[in-house]
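Engineer: Put the two chains together into one complex; each comes in its own frame, and the hints tell you how they fit.
Taken in order, these protein sequences are the chains called A and B. Counted from 1, the first sequence has number 209 at position 209 by the numbering used here; the numbering is strictly sequential. Counted from 1, the second sequence has number 296 at position 296 by the numbering used here; the numbering is strictly sequential.
Hints are all accurate, no fakes.
Derived DSBU-like pairs (lysine-lysine); straight-line CA-CA distance at most 30 Å: (1) A:K12 / B:K275; (2) B:K201 / A:K12; (3) B:K201 / B:K275; (4) A:K202 / A:K101; (5) A:K269 / A:K249.
These aren't lab readings, by the way, just hints derived from the structure by calculation.
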Amino acid sequence: MQFSASTQPLPKRLLGFFAVLIALTAAVAVVGIILGMFGNFLLNGGTHVTWEFLTEFPRNSNTEGGIWPALAGTTLLVLLMTLLGVPVGTATAIYLTEFAKQDSWFARSVRFAVNTLAGVPSIVFGLFGVGFFIQFMGGSIDAAFGSSSFGDGSLLWSAATLAVLTLPVVIVAVEESLRAVPRDLREASLALGATRLQTIVKVVIPNSVTGILTGSILAVGRGAGEVAAILFVGVTYSSEVLPSAVTEKFMHLGYHLFVLSTQSPDVEKTLPLQFATTLVLLGLTFLMNLTAILIRSRLRKR
Amino acid sequence: MNNPFRATRRNIGELIAEWSIRAIASVSILVIFLIFIFVFREASTLLTGSEEAPTEQTSTSSQETTATSTTQSEPDVYNPDAEEPEVYNPEAEAPASGEEGAPGEFIYIAANPAYPHIYNPSSGLIPPDIDATSSEEEVIAGDTLSFGENFLSSTWQPVGEVPKFGIVPLLIGTAKTTLIAILIGAPLGILAALFVAFFAKPWIREIVKPGIELLAGFPSVVIGFFCLVTVASWVQDVTGVPYRLNAIVGGIGLSLAVIPIVFSIAEDALSAVPKTLREASLALGSTEWQTAYRVMLPAAAPGVFAAVLLGIGRAFGETMIAIMATGNAPLSSFSPFEPARTVAATIGSEMGEVVWGSEHYGVLFLLGVLLFVFSFGLNAVTELYVKTRFIKRFQGK
Chain A
1 MQFSASTQPL PKRLLGFFAV LIALTAAVAV VGIILGMFGN FLLNGGTHVT WEFLTEFPRN
61 SNTEGGIWPA LAGTTLLVLL MTLLGVPVGT ATAIYLTEFA KQDSWFARSV RFAVNTLAGV
121 PSIVFGLFGV GFFIQFMGGS IDAAFGSSSF GDGSLLWSAA TLAVLTLPVV IVAVEESLRA
181 VPRDLREASL ALGATRLQTI VKVVIPNSVT GILTGSILAV GRGAGEVAAI LFVGVTYSSE
241 VLPSAVTEKF MHLGYHLFVL STQSPDVEKT LPLQFATTLV LLGLTFLMNL TAILIRSRLR
301 KR
Chain B
1 MNNPFRATRR NIGELIAEWS IRAIASVSIL VIFLIFIFVF REASTLLTGS EEAPTEQTST
61 SSQETTATST TQSEPDVYNP DAEEPEVYNP EAEAPASGEE GAPGEFIYIA ANPAYPHIYN
121 PSSGLIPPDI DATSSEEEVI AGDTLSFGEN FLSSTWQPVG EVPKFGIVPL LIGTAKTTLI
181 AILIGAPLGI LAALFVAFFA KPWIREIVKP GIELLAGFPS VVIGFFCLVT VASWVQDVTG
241 VPYRLNAIVG GIGLSLAVIP IVFSIAEDAL SAVPKTLREA SLALGSTEWQ TAYRVMLPAA
301 APGVFAAVLL GIGRAFGETM IAIMATGNAP LSSFSPFEPA RTVAATIGSE MGEVVWGSEH
361 YGVLFLLGVL LFVFSFGLNA VTELYVKTRF IKRFQGK
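Only chain B is shown next, with the shape it has when bound in the complex (with noise of 0.2 Å):
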């Protein structure tokens, strides 16, 4: 704005007013490094911390390993009856030490009289040929697992005598309920968006566009709930899995979190598409229909495209619902009907009653990290990648 006609007596005052709304602007920058700092540098801690564990065993670990890769080999190790209540509950030594009722532990785990059918480690409901990983050998030869082995391997017990921080089930946890989510939610939203913008009479418009708006505002621990309580059990009811939560019920959850998001973007992008190539499409002598799907879709496939990422990035990061209709079981399993846990809902479930400073708490802020830096990635493809695609499709730039 260099306006040679404004008024020239800029005073201090004026000058200050300006700069700390500049200041103020860059609040939102300041608070991403912050975040990426904090969040690591509670993370950090465990690596000072797990350098010295290492250098203790050293003379020992080379021989514990070749152990371990043994005893992977041979999963008929396996003892059901002996290690199931260690190896498939984290957190069913965490009752006695905690008093009655702490925040975070979870009743899900000890029996539920309102929940029967929810994943119980002791009812010994799950098959045995679930988790390979549980032989007695393994359990010990935990104890001297370097840190990056343990953070690699395929049991997540953070709690008990050799605490154990495999990712791998929560990242295949995570996978799963993410894929079932945007496999419900991106058509459903895609579709109604199309709807919306090309097929629906306007007064419909003005009412289903807040209505779906509307679901974005929904609180997450509601729509948790809604799953806990109600969707948990039609799908049992429908499909009879023996675990009520599972994660079919967690990506149906997730998906309501995803619809609304990924049918506002690809509506703004549909409608972004200029009027101009409808009107020469319909002029050739097509369809409304075959505009809207063969015109108009792929015209506006990059921010179609964003929204599925967006939403891909709603559905990994959501925490309560993940808590609430998942099950919550670590379990290196990609069947559908078994219960899963997300990385987000790890950290929610744990953070409460984990002792801070210590290994496990520092686990849980890496976590936080692998989130963090996942999100930004993805925000950053859509962002940089997406966006100036559309732009040049659209203006020639």
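Looking at chain A on its own, in the form it has when it is part of the complex (with noise of 0.2 Å):
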């Protein structure tokens, strides 16, 4: 508004560019600092990430080779935990949106324990996940059948530790695309005679597509990166060969990052390896979220 900042005097003219400037700055801060961070990772990892170094398997003790296994098992991970998750957060979603009234008990204490859950700190899903997945489940389901390979931490369990450490965000992004389908569709499909659930099914749900895979998507980026949920569930720092089942334990980029950075007989050597371990981890996290927040922004323009 300049035509009212000319007529201030001139101190107040200056607290206000400063009082503008503070808040330029901290923005310019903060995307310097993830330009800051990205620009030191591609520096340097940049080079080192090469065809070999995604394919092979890693070599003496991991500090020479390439991050394959990982980078398999965390795509397995994220695959399992999107098919666990994601017909829950749907479903929980559809019944938001579409069944519950807005101020029924029931539907307040369910958006009150969705909030909960995405405040909730991620090693606790650990701890969840080695209480009643393993412990719990894994050892019911070994008791009853006599097999031995469920009570012990697994991509299974790991899956399901992270499918409901996601399952927020799943159900925010579904049902933000619900609410952006035109009530008039739905009433137009009532009117036609359709049943409430004929409505959802052929009408509302296939005008939402995008948004279920918005919200698979940012569950996946979010499910990529998350170490401390899995760190007792099922992940491992050396592993020979890819996992073949379900119940084996598997590599993770995350923790492998973790593992290299920390725990490496000789971190110096392995810095490379380090930093095009970040990349691949952080392109893949950023590809995922990038895809969501563009789906997402032209959904809202609609």
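Structural biologist: Structure follows, in structure tokens:
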């Protein structure tokens, strides 16, 4: 508002200048930090991300070679997680938008639970994975079928833990897209004699596929980078083979980076490997989030 | 939706489908209960186990506690040469029992060629006045302390002849790093939100907002790695502190996780303030910045407050950044330039090597209960108090 600023006395204009400047500095600083981090990783690890690095097994106790098992393990993990988590999240979002009376106690408690779930520290999900999935569910399955493969950390229990952790992400994203479906469409469908379920299955869901997709992508982005929750639920620091069953342990990019940077016998030597691993992990989550943000902004414009 | 024109044919299949959707929706509620029940259940093995221990020692316990209190009043007994490796390094004994390079063993404790300045107990860098509770008498007395006394003591030394689970240094470490993270992250996040909401041109907003949202997608292990390798060196170059990894480095790392949360919630709150307030303020002759700082920011205060609360929740619960960047030494020191160890980092670094079902295991789950209850409380406050106030203010309900 240039016409009002010019009427102010000089000290006030200086104050105003600083007020805007300080906010600008903060914004620039935050963006600068992000770019600086990214540039730092790119500079130090960019040349090490080669095809061999991506497709080879680590050698010589993780000090040489590639990250193939970690990359494959992470991919398997997030795929399994999506299979377990997205249907539950979608159904919850459908309940919240289509069935629930907005001020009923049940709808309110579901909402409160989702928000709480989003705020629970990820390490607590890790403990939950140990206590519930491994000890209780795995232990019960083993006791019932006489097997011995479920009562220990595995790909399955890690994926289940992450599915619980990413549930709020899916619910919020899908809910947003369901709300973006115009009310007219629902009413037209109901007026033509369709039942509520038919309306949801044939009208609402096809119109919010992008939202379900966004939710899944965001969840994958979050799950791929999450280490704390799976620390004791099945991740392993070294593996000669890829997991062949869901009850086996697996390698994970984030955990691989953690092990390389804090527990490797020669941290200095593996520094390029660490930067390259960081770059791959960051690239993966970055790509997921960017896709989700783009889809979402298109959705909002509609 | 009591639509009188809706088809009245509601077959069994449809009813089942509806009710299964309802049932699935309750999974979120169920999970909250399950987390509480199962994390608490693992922790409760501790309570049943520890009840047996004190009863054996009831005859001596009163005698021993007086011994403890007298030694605590005499910090001069402390002998750095004799006691240091035992007291400062809870995991020093662990490598001997475990195989080499076992998961959960941290090389930073052993002499690490890459990071010679990382907190290292055998180098004797710690000034002797840091920990006043490490007299020899107390090491013996710790044997007969009841669980409650042990839990509230100021030594965290879970591996050793006499395991000690004093959470005081962990709480201090958590408070220290969280405070630093909030002091850095909250102003940056709120000011950046102000800029994006009121000062930025639309095209700048279109770039900055998703950019900061991308920071929220940075895996915490990546931020931790960045702090471990890069930020730690910067901080040491600038301040010249003796420990490469300390609470400041950890706090900076945590602030990187806090900023996007504070930013996006504060930005939402600022944008939710009715435009009429802004127009009225401008119409009265105030400038853009006066409107932003003196009208819009106070109007959005409950939402901004919620942003800071959720930022605190993120900071104290963050595990990987804390493990990698704080130095992980359980010291009862308030100095930001000394290493710290947070509650979450303790669970993360010790759970991997603990014997399932042991006392140590139970204590770690108890710490988990602590984290869960605290985050639950924080979230309940923001949900029930802050949001209702915000709605009341603008909808007049």
